[in-house]
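There are 2 protein chains.
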Amino acid sequence: MITIEIKPPYLIFVADEKEPTYAKTASGIADWRRDLCAGQYSFIDDGLDLGLPNMTIDEAAAAGVKSFVIGTASVGGGIPEEWLDTLEEALEAGLDVVGGVHKKLNDIPRLVAVAERTGSRLVDVRTPPADLPVGTGRKRSGKRILMMGTDCAVGKKYTALAMERDMKKRGMNADFRASGQTGIMIAGRGIPMDAVVSDFLSGAAELLSPENEPDHWDVIEGQGSIFHPGYSSVTLGLLIGSQPDAFVVCHEAGRKVIEEWDNFPLPTIEQVIERTVDLGNQVNPNIRCVGVAVNTSALAAEDREDYLEILSKRMGLPCVDPLIDGTDAIIDNLS
Amino acid sequence: MITIEIKPPYLIFVADEKEPTYAKTASGIADWRRDLCAGQYSFIDDGLDLGLPNMTIDEAAAAGVKSFVIGTASVGGGIPEEWLDTLEEALEAGLDVVGGVHKKLNDIPRLVAVAERTGSRLVDVRTPPADLPVGTGRKRSGKRILMMGTDCAVGKKYTALAMERDMKKRGMNADFRASGQTGIMIAGRGIPMDAVVSDFLSGAAELLSPENEPDHWDVIEGQGSIFHPGYSSVTLGLLIGSQPDAFVVCHEAGRKVIEEWDNFPLPTIEQVIERTVDLGNQVNPNIRCVGVAVNTSALAAEDREDYLEILSKRMGLPCVDPLIDGTDAIIDNLS
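Protein chains in written order, with this note's numbering: chain A, 3 to 337; chain B, 3 to 337.
Hints are not guaranteed to be accurate.
Chain copies aren't distinguished; within one or between two, either way the pair holds.
Straight-line alpha carbon distances no greater than 35 Å define the calculated DSBU-like cross-link-like pairs of lysine-lysine that follow [to be verified]:
#, residue 1, residue 2
1, K26, K105
2, K9, K106
3, K9, K315
4, K106, K315
Hints in this document: simulated from the structure, not taken from any laboratory.
Make a model of the complete structure from these sequences and hints.
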């Protein structure tokens, strides 16, 4: 195992959550990887409904479920005391327990003891794999497209997931590659780049999109922004290790400053393109921007199309809201 | 304690080493921080002589020594079994034991037990401080100069140490800031940037050169190279967090490719300057290159001066070999 791997099928745990807003991981998995989901497990009768069969842990084990996936976050990112009996029950039934919240499952002695006895795994998706290598910069076969953001939280993960979906619909050979904890929970595998020790960042990125068939596309979730005062080194490590042939700039319409770093103006899309090409061409001289993905949710419905049309003219590139328009226009520009 | 801190004065441990080449840490401390060294401790009569008094551990404890510093590396970076009695004796005598080799002192149960019982510390300088923050990008008072390399191992650490020495000689208010394990062993404090989890890289760099008096210079040891396929993200995090006013490009005369990454040509000094200014001006719009420090040891003695003169004309900057010429020409260019 080189990247983190979550064994399917899953029983998705939503605790006592009722609103999808507070169970983004559960909703994300059910939206993007329904084929990996066998059922849902709620503490309450009117809990969040992901549209999956309700299952007890025993039923899930009998149905061949392999992982009990924590799909909700408690306030503060902990593992509440009242979850522990259930998590233990899942381990006892032979299921791995998988968590992406801040508190690590492997730091809870009670769970560690049960896992050791039963052989079930506690999978913390925020813990990078051990023994990551230093990046080599050696060219790998296969093709890669990376999401680059003007900021954090602008839709890089969902753009990549939408591209993978749309590429597969066309019969293209493509895989989403998750580089952050929510993406890993959704995809069932990946490496949490922001938790990697910095010496091994580009090496971890190399593992994330390994050598592949010549026509295969890795669609790589981006991290941070190359202009981010806190996180740009994560972005650079991912860029250098991914050696992308193509990239998409992801942006949120209306955002003016770097979120929570208000004294830093948001870079322009042009600046992100220029810097990405400048830095990325060391590992791939053919690197180019193939489109812009915009989260337009802050715009009035009647302004949306105008905004994208004007942006597209300015950039000379396909510009779409991937969750409304899909990503076909960008994929057309790949060939 | 925000950065790692080694308590002076030191007893320097050289085990059974005879050659300074294999005890670079010991020699580095004795060369650059003799005032912090009380004595040396060798297993053998004809061991490496740092020019310090030979001391037993009891003598050192009686003389007020606070740290027993491992100044040599065993083959493979381990802690040999035959060192353990001595390390225990130091802990028992109330000295901290300090190591910078790959194997962590805190992973050796026998030493951990003694440290817990005696209250002496096991200081692993490759282990970053806990609870590092995310970088804020906020401007700090005081001035900063950062070493940038065309590659790893081109003299960034020794250039910074020479600059600190030469600045202090002029009565300037300056401190060397160590960003790697050998530098930390020499300076007695610092943060090993390459071991920091990547989300906290620029935050760690901000801690390394904290707010200071307006005329104070932090002379910051650089890491890697902004063009390095394995380590450029470490370099970027250090650059962004340091928000330097000035930088020096460090280079080794004659090097043509990135060492151990032979398919990557070495960047030119001009490329390093251009990229450093491009990336660094986000956190300091006044950033500028003030000189070039060249390790000329690969050149014939009669070629050295010509080389530096030609380079200086080409760059329009002072170019020196810091270990031969000192760094006054670069310091002159700071004001």
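Cross-check of the supplied hints:
1. K26 / K105: Classified as within: same-chain Cα gap 17 Å, cross-chain 41 Å, threshold 35 Å.
2. K9 / K106: Answer is both: 19 Å inside a copy and 34 Å across each meet the 35 Å cutoff.
3. K9 / K315: neither (45 Å within a copy, 62 Å between copies)
4. K106 / K315: neither (47 Å within a copy, 57 Å between copies)
In the structure shown, a violation is registered for the earlier hints numbered 3 and 4, in ascending order.
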